[in-house]
Amino acid sequence: MENQLKTEKSNMTTITEFVLLGFSDIPNSQWILFGIFLVIYLTILMCNSIIILITRIDPVLQTPMYFFLNNFSFLEICYVTATVPRMLMDLLTQKGNISLVACAVQMCFVLTFGSSECLLLTVMAYDRYVAICKPLHYPLVMNHKVCVQLAIASWVSVVPGGIGQTCQIFSLPYCGSNTINHFFCDVPPVLRHACGDTFLNEIAIHLAVVVFIVVPSLLIIVSYGKIIANIVKISSASGRAKAFSTCSSHLIVVVLFYGTVNITYLQPKANQSEGTGKVISLFYTIFIPTLNPIIYTLRNKDIMMALRKLISKLLR
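If you use our numbering, the sequence shown corresponds to residues 133 to 448, in order.
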């Protein structure tokens, strides 16, 4: 019995690194995937940087809505950078070795930036609610000081949760296979390799999901319920169209982001497929951030006009 305990303890301390399998199941397409994801990453960086630039320099875009969009674009850059460069390196070297410390750091950044994105999307929904439902009070309620405070709260309030959640997960013993069928250190695939009792960790994860995903989702639903109710009351068709256009882009982004995140973190552990989880993670970490700048620019006349003015200045 004593020898068995020693053997188990030895096995539990053998893992010093994980191996991210990524897309090794399709070895003949590694270079193609590297090229695709590199183009996508550079597109995300370029498009969001352009949005940040024009919302900072164009006088027409100096409003709370574009202030939050500026923050959201910068957050998207941070969020994608937490996963894609590492994935590109693994595709380039065809090695997925990652130390426990590096894995923990990546998970902490993903959780922090992801939670911050949930809160910022909620703040943006509140901004649209005040603009449409309480237009006379909008300049007073959403003054610059309040906007800055809401943005800071969205960034800072999630940091303790991200660090605490990561520390709790990596305080568990890990043994057996160290291969993770994923392209980054996400919570479900890492926790699946823990040898100890993960009950408390799963409880903490569900609590975090309630605080940072479920509650913000409900607040956004309530906000848009009131927004739609007010839009319907507008007598003119052009007025309704204009009111809806100011929030339709944000609503599309919310549905795409929250939909895929909810599938990942609210699905019971027993029902999670590693392959399916990896595909879903691709959507909310890479593909949706690629669509966001396109959705915001193509559906927003002010941004399109500011972009044309910027291009015309550069071509002079």
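Be aware that a few hints might be false.
[Said to hold, decoys possible] The calculated EDC-like cross-link candidates involving lysine to aspartate or glutamate, where the alpha carbons are at most 20 Å apart (straight line), are: (1) LYS441 <-> ASP157; (2) LYS445 <-> ASP434; (3) LYS227 <-> ASP329; (4) LYS433 <-> ASP190; (5) LYS227 <-> GLU149; (6) LYS445 <-> ASP190; (7) LYS410 <-> ASP157.
Just so you know, the hints here were simulated from the structure itself, not pulled from any lab data.
Verification of the supplied hints:
| no. | hint | verdict |
| --- | --- | --- |
| 1 | LYS441 <-> ASP157 | violated (47 Å) |
| 2 | LYS445 <-> ASP434 | holds (17 Å) |
| 3 | LYS227 <-> ASP329 | violated (30 Å) |
| 4 | LYS433 <-> ASP190 | holds (13 Å) |
| 5 | LYS227 <-> GLU149 | holds (12 Å) |
| 6 | LYS445 <-> ASP190 | holds (12 Å) |
| 7 | LYS410 <-> ASP157 | holds (12 Å) |
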